[in-house]
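Enquirer: Next come the chains, spelled out residue by residue.
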Amino acid sequence: MEMQQKPLLDGMDPELMAPLISRREAIRKGLSTSSMIAAGLALGSAPVALAVLAKDVYGQTPADILDALRFAYVLENLENEFYKAVLGTSAVTAQNNAFATVRASIPASAVAAFQQIQKHEAAHVAFIAQAITLAGSSVPPLTANDFDFTGGNGSSTPGPFVRATTELAFLLLTAQALEDTGVRAYKGQAGRLLINGDALSDTVLEAALRIHSVEARHAAKLRRIRRALNTSDTSLRFSGYVLGSGVAAAGAGNIANPPQAVIEALNAIYGGGSGPVSYNESNTSHVVFNGTAAVTINAATLANTDAIGNATARSNAAQMAFDEALTKDEVIAIVRGFIKDDAARGLP
Amino acid sequence: MSKLRPDPDQPLAIASASELMNPASRRSFVRMLLGGGTALLLPGVFVGCDDDDGGITGPDETPDPVTGISFDLRTDVGIFRMVHVLEQLESAFYTAVLSSSTFSSFTTEEREIFTDIRDVEIIHREFVAAALGSAAVPDIRGSINSTTLNSILGSKATIISTARMFENTGVAALNGAGKYLQDARNLLIAGKFVSVEARHAAALRDIAPPAGQDANKAFAGDDIVDANGLDVKLEAGAALGKVVGTNLVIAGTFASPAITNAPTATQGTASADFFPTNP
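Order-wise, the sequence lines are chains V and G. According to the working numbering, the first sequence is numbered sequentially starting from 11. According to the working numbering, the second sequence is numbered sequentially starting from 154.
If you're looking for bench data, these hints aren't it; they were derived computationally from the structure. Errors might be hidden in some of the hints.
Dumping the calculated SDA-like pairs for lysine to any residue here, alpha-carbon to alpha-carbon at most 25 angstroms [as the list claims (entries may be wrong)]:
1. V/Lys129 - G/Asn431
2. V/Lys129 - G/Asn381
3. V/Lys350 - V/Pro168
4. V/Lys129 - G/Lys395
5. G/Lys395 - G/Thr260
Please take these sequences and the hints and turn them into a complete structure.
Expert: Listed below in C-alpha cells is the structure:
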C-alpha cells in the first residue's frame with residue numbers, strides 16, 4: 011500500500027476545494043493578506059498569524075486540519091492535566107489527592123523537570139485551543155474531571171496504571187510513555203497537514219512539527235531521569251533514544267511485576283502497524299520518494315557504517331536513528347483508558 | 154611557501170605523500186590546479202604513494218575539499234541535500250570527537266551519549282545518501298576546517314557546545330523545512346529524523362546547560378522553547394548560516410549564494426525564525 015502524495019487534496023470535499031483554491035490564488039497574487047500574515051509573524055506569535063489567516067483568508071477550514079487539531083487538543087489536555095495532578099496543581103482536588111503519595115517521593119530536580127514539561131503542555135493546550143477557535147470550530151470542553159490517570163476509563167475500579175500514584179519508577183515510566191505517544195501521534199498527523207501553497211496548513215504543520223520536537227525533548231529527559239535512577243539498565247539510553255520496540259523499548263526493567271495490562275499498553279505504545287504511516291519502533295525500512303519513484307531503504311544494511319561497530323551495534327543504531335509514527339486510531343486506542351468515556355463530551 | 158595562500162605564480166612544492174595528505178597543503182594543491190598554477194610533485198610523493206596501499210583517496214582517508222555546494226529548494230531532493238550536508242558534518246564531527254584525546258576525559262554517561270549520537274548520525278548520513286543517489290552531496294569531510302576542529306576538540310566544553318549547536322540546528326532546520334516538502338512520505342522521514350535530533354539536543358543540554366539556564370529545565374529551556382510551547386525553527390538560509398558560523402567548514406565549500414532557488418509559493422511561505430544565540 012502506498013501513501014498518496016498530498017492525500018488531503020485528493021480526498022477533499024469539492025465544496026471545500028473551490029473557495030480554498032481561489033483563496034490560494036489570492037495569496038499567490040500577493041495581496042494585502044500576506045503583509046498581514048507577516049505582521050502577525052513579526053509579533054512572534056503564531057496564533058496571531060493564525061488569526062489573520064482564519065478570519066481574512068479562509069471562509070472554511072480543511073476538515074483534516076481541524077480534525078488533527080481537535081485530536082491534538084485531547085492529547086495535550088491529557089498530558090497537561092496529568093502533570094498538574096502529579097504536581098498537585100490540578101483544579102480538581104481529587105486528582106491532586108490521588109498523587110499525594112508519589113508526589114512526596116519525587117526528587118526536587120525531577121519536580122523542576124515536571125514543572126517545565128507541564129508549562130509546555132499548558133502552552134500547547136492554549137495554542138491549539140486558539141487555533142481551533144480561530145479556524146471557526148468549537149473547542150472540546152475538557153477539564154481535569156474528564157481524565158482517569160489510572161487508565162481505568164473512569165470506572166470505579168482503578169486501572170492498570172494506578173501504581174503511578176504511589177511508585178516513583180512507575181510514575182516516570184507512565185510520563186515517558188505519554189510523551190513518546192505524543193511524539194508518535196504528531197509524527198503520524200504531519201502528512202494530514204501537508205497542503206503545499208496553503209498558508210493555513212503551512213502554519214499549522216510548522217507549529218505541529220515544533221510541538222512534536224518539544225515532546226521528544228520531554229521524552230528524552232524522562233528517559234534520562236529513569237536511567238539515572240537505574241544506571242545499569244542500558245535499554246534506557248542516556249541519549250534519550252528509543253531502542254527496540256514494544257515493552258522493551260519502554261525500558262520497563264525497573265518495574266517490579268508490571269500488570270499484564272500495562273505490558274500490553276506499552277507494547278501498543280512502542281509497537282505499530284505495517285505502514286505506510288505506522289511502523290513498530292524497531293522498524294529499519296523506510297520509504298522515500300526520491301523525486302522519481304518511491305524507494306524502500308533498509309537502514310540496517312547501509313554501506314559505510316562499519317565505524318559503528320559490530321552487527322548488533324549497527325542494528326541498534328538503525329533502530330534508534332528513526333522514531334516511528336502511530337496513526338490516530340492507534341493513539342486513540344492507547345489513550346482511551348485515560349479518558350472517562352463520556353460520549354456527550356465528544357471525546358474519542 | 155605559504156600553505157594557506159598559495160601564490161599561483163609560484164610553483165607549489167610538495168615533498169611527500171604525507172604532506173599531500175595534510176589538508177592545508179592538499180587544499181593548496183587543489184587551489185593551485187584550479188587557478189592554473191603549477192604543482193611540483195617531488196619524487197618523494199610517488200614513493201609515498203607506493204607505501205600507502207589505500208592511495209591518495211583511499212576509503213579511510215580524507216577526500217579532497219568540495220567547493221561550491223548549492224541548494225535548489227524547489228524540490229524535496231534539494232531540501233534533503235541540505236539535510237545531507239548537516240548529517241555529513243555531524244557524523245564527521247562526532248567521529249572526530251570519539252577519536253580525540255579529550256574523549257578519554259568524558260564520563261561513562263557522556264561517552265555513551267556521544268557514541269550513540271555518532272552511530273545514529275552515521276546511519277542518517279548513509280540513509281540520506283542512499284535516498285538521494287546521484288543527487289547526493291559529495292563527501293565533504295575534506296572541507297572541514299582542521300584548525301577549527303582541533304581547537305574545538307581541545308576541551309569537553311567546546312565539544313559539547315558545538316554538539317548542541319549542530320543538534321539544535323538540525324531540529325530547527327527540519328522544523329522549518331517540513332512545510333516545503335511536497336511528498337508526505339518525505340515529510341514522514343523528516344519527522345522520524347527530527348524527533349531523534351531533538352532527543353540528542355535535550356540530552357546534550359541536560360549534561361551541559363548553556364550559560365544561565367536552569368540545570369533541571371535546560372533540556373527544554375525557555376531559550377529553546379517559546380511561550381507557545383514551540384521548539385526552535387530556522388528557514389534554510391539561516392540554518393546554513395549556523396553551520397557556517399561554526400567555522401568548521403572552509404570558505405568556498407558553499408556557493409555564494411548557497412541557495413540558488415528558494416522554495417516557491419506553491420510549496421509554502423517563509424515564517425519567522427526562532428533560535429537562541431547559544432543553544
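Enquirer: Work down the list of hints and note, for each, if the structure agrees.
Expert: To see whether the hints hold, each was checked on the structure:
Between V/Lys129 and G/Asn431, the direct Cα distance comes to roughly 22 angstroms. Compliance with the 25 angstroms bound is thereby established for this hinted pair. As the CA atoms of V/Lys129 and G/Asn381 are separated by approximately 10 angstroms, the hinted pair is consistent with the 25 angstroms bound. A C-alpha spacing of about 12 angstroms is found between V/Lys350 and V/Pro168, which places the hinted pair at or below 25 angstroms, so the restraint holds. Our distance criterion of 25 angstroms between C-alpha atoms is broken by V/Lys129 and G/Lys395, whose separation comes to about 28 angstroms.
Of the pairs offered as hints, the one joining G/Lys395 and G/Thr260 is violated, with about 28 angstroms between alpha carbons and a cut-off of 25 angstroms exceeded.
In this structure, the hints that do not hold are numbers 4 and 5, in rising order.
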